[in-house]
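Assemble the whole structure, with the sequences as input and the hints as a guide.
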Amino acid sequence: MVSLWVYLVLAAALFSIGAFGVLARRNAIAILMGVELMLNAVNINLVAFWRFVRPDGGSENMFGQVFTVFVFVVAAAEVAVGLAIIISVYRSKRSVIAEEVDLLKW
Amino acid sequence: MNLVNEWGFVGLFMAIGWIFPTLPLVISWFVRPRKKNDIKVSTYECGVETVGDTWVQFKVQYYIYGLIFLVFDVEMVLLFPWALAYSSLDFFAFGAGLLFIFLLADGLYYAWKTDALVWK
Amino acid sequence: MVGCISDLSACLIDAGIGPGLAGFLETLVGTLIVTLLPLTLVIILVWIERKYSARVQDRVGPNRVGPFGLLQPAADAVKMITKEDITPAGADRIVYNIAPILSALSVILIWAVIPFSPVHIGVDLSIGVLYFFAVGSVGALAVMLGGWSSNNKYALLGAFRVVAQLISYEVPNILAALMPVMIAGTLSMQGLVHAQAGMWFAISLPLSALLFFISSIAEVGRTPFDLLEAESEIVAGFNIEYSGMKFGLFMAGEFLHVLTIAILTAVIFFGGWLGPGVQEVPALGWLWLAIKSTILYLLALHMRSTLPRVRIDQLMSFNWKFLVPLSLVNIIVVAFLFKLVQELGLTPAADETTNIIANLPQTFILLLGNLAIIGGVLVYLRGLGREQRLANEMAAAVDEDVEHHPHHDEEVAAAAVAD
Amino acid sequence: MNIEITFETITFAIFGVLTLAGGIGVVTTRNLIHAALYLIVSLFGVAGIFILLAAPFLAAIQVLVYIGAIAILIIFGVMLTRGMTHLPERFNRQGGLAAVVVIGGFVVLLVGVILPVWGPNGAVAAEAQPIFMTTRDLGIALVDKEQFVLPFEVASVLLTAAMVGAIAIARDDESRD
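Chains as they are written, first to last, in the numbering used here: chain A, 13 to 118; chain B, 129 to 248; chain C, 40 to 458; chain D, 9 to 185.
These are computed hints drawn from the structure, not numbers from a lab.
Hints should not be assumed to be uniformly reliable.
As the list claims (entries may be wrong) - For lysine-lysine, the following BS3-like pairs were computed, each having C-alpha atoms within a straight-line distance of at most 30 Å: (1) C:K192 with C:K90; (2) C:K90 with C:K118; (3) C:K90 with B:K187; (4) C:K122 with B:K163; (5) B:K163 with C:K192; (6) B:K187 with B:K241; (7) A:K105 with B:K187; (8) C:K122 with B:K164; (9) A:K105 with C:K192; (10) B:K241 with C:K360; (11) C:K192 with B:K187; (12) B:K164 with C:K192; (13) C:K118 with B:K163; (14) C:K360 with C:K378; (15) C:K118 with B:K168; (16) C:K122 with C:K90; (17) C:K118 with B:K164; (18) B:K168 with C:K122; (19) C:K192 with C:K118.
Set out below in structure tokens:
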């Protein structure tokens with residue numbers, strides 16, 4: 013039997029890897045991929061808590077799964093708009109390196 | 129736990145399934161001829177020497193189709209639990225589904241009217 | 040011995056093998072059968088396909104190797120295996136080799152959830168339908184990888200087009216499968232077949248069946264939607280750099296995919312293994328499923344040999360401007376009617392679901408709704424077609440005018456001056 | 009702490025390794041297409057974890073949405089930003105600092121996870137119970153007046169807004185009216 017904390021450790025590790033990708037990568041698309049990893053770590057946590065804390069079934073105890081589904085929705089929206097912005101920036105600046113896109117910086 | 133039985137089978141299926149497509153490749157590796165030369169491994173683009181990088185700039189149209197698909201894909205994922213539970217729900221659930229699909233169609237309508245669906 | 044066919048593990052336990060091992064052996068045998076079956080079938084499929092399209096085109100087809108050319112696919116396989124395998128320069132080797140395996144695997148994996156008879160199914164997953172779509176979506180990925188790793192502009196361009204087509208047609212495909220799920224109230228494949236014991240979904244939901252079949256054909260990339268190859272027009276699409284057995288695997292996957300979608304249509308809409316005598320002799324289910332799926336398969340083959348190919352802009356418009364809106368309307372109408380039927384108490388009682396008479400009111404109302412949509416669409420298309428034809432005729436008439444009276448404009452100007 | 013070798017632990021180990029190895033591949037690979045492929049491996053591992061957690065529906069939509077749609081969209085995005093796939097430097101100037109911060113954060117998380125509540129001797133080290141037919145319950149919860157029907161509709165609004173916005177942003181200038 014794999015216990016809850018093992019899943020939580022896995023999720024924490026995945027979240028940290030994703031966070032490193034977001035903080036350290038230069039390419040904006042790679043940063044987006046890091047965000048995806050972080051969202052997936054969150055999903056593992058949500059489902060693990062649902063499985064171990066409210067596992068009785070029944071439609072009143074579906075919080076974990078419902079929230080995971082909404083994370084899917086948000087992830088899809090985030091990727092769609094994020095990539096659109098990156099493509100748009102690339103078209104005008106010929107670059108997708110995050111630190112070179114600094115129009116709003118001073 | 130029937131979960132193990134069900135998905136254990138799928139796991140076994142995945143483990144065994146890829147052997148069969150790989151097998152002919154392995155047999156082929158033993159019997160096929162090996163006579164490589166530069167012309168043979170060159171990129172096959174109408175016999176003319178290939179020009180530039182393979183990574184030509186692609187039309188943004190592909191991305192737009194991909195993104196409309198992504199949105200519909202996620203919406204369908206939300207509709208499946210709805211459909212599954214539908215027979216045990218009341219008319220309110222129909223209203224919820226109707227509004228959901230109407231909002232979905234709204235986005236499609238926008239894409240249609242702004243010619244985002246036209247292949248250019 | 041007959042008992043072993045329907046319940047192998049019980050038979051093995053009788054023979055003195057421990058229950059745990061017997062269960063594992065049963066799973067293993069089942070897996071082997073379900074993986075080997077499609078691979079043996081593909082050899083026959085190639086022959087049927089070539090013979091059938093040859094007959095349609097007034098040719099003889101393969102007739103040299105073996106009786107009626109039956110051994111031709113075997114000869115093809117030997118040829119493929121002994122061909123030199125060329126990896127183009129600059130290709131991404133690992134991805135290049137994985138792509139064809141993934142492509143064939145994505146089709147074979149679908150067979151894990153196909154119910155062949157009441158007792159024979161790889162595994163009756165609680166989410167069988169979604170499993171099928173999930174595995175199918177890996178096929179698009181395989182195409183993408185194959186096209187990208189070849190380091191060839193045309194392969195990459197071809198892969199982009201194919202993937203755009205595959206993902207587009209996945210939308211109506213999944214939306215059409217939503218209707219049977221809604222009425223059956225289950226995602227499991229066996230559950231869907233059992234739900235059709237009273238009435239096939241193809242009769243109560245003909246529009247969904249039609250949408251599912253059409254979009255499945257497009258998913259497979261068959262004529263009239265075979266822009267990914269268009270073998271009579273261009274050299275090849277994403278698989279242009281592939282040779283030998285790797286190319287063979289892409290082709291085998293495609294041949295098998297056609298049969299797979301025929302079987303799935305039969306299972307989801309045409310009652311799967313249901314037929315006379317199945318309750319007494321479960322193995323008869325194989326026969327009924329084979330008959331139904333063969334008819335659908337031959338229909339797909341006939342479409343391939345007789346229909347012309349569409350252009351890519353038509354392909355995309357057909358999907359996004361016709362199939363998808365139609366699917367959405369279909370969902371709303373069927374959901375409304377189904378709820379109405381339930382509120383009116385016309386659904387068959389729990390113990391009468393297999394009774395045809397008890398299913399008739401529900402079927403009748405749903406069928407009527409479906410026919411109303413189809414009729415409405417036909418009337419709308421007729422109006423649209425007439426409008427376009429008139430517009431075309433007007434344009435042609437103006438053109439003719441201009442040709443016949445080159446000084447038309449001057450005449451008009453002169454008349455205006457005279458006034 | 010003794011680890012039983014069962015079917016479940018082996019499966020967990022396989023999928024856990026796939027998830028983490030894929031994740032490391034994503035953040036360290038120079039070639040962005042390879043990074044996308046590692047992302048697919050990682051997400052597939054997460055799908056396996058969902059199955060272990062008795063949520064096969066989520067596993068299926070994980071494959072359907074992430075591998076079938078998001079990964080393909082990311083690959084499209086990579087292809088559309090040509091010339092940016094093989095950057096000479098993978099990481100930016102804060103790369104080292106980021107590594108330190110992330111490792112520190114991971115340690116904090118680890119301590120937080122293992123020690124107080126959910127750890128080996130924690131209070132809620134609950135045993136998982138067998139569960140049946142959760143997908144139908146999910147559907148009921150999603151359109152229940154008392155529960156999630158509003159988020160359900162708002163999700164549709166969000167997706168439609170994302171679609172409209174992304175189309176408006178991504179289109180070529182000359183094709184804009």
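**OP:** Of all the hints given earlier, name the ones this structure violates by number, lowest first.
**Re:** 1 and 3
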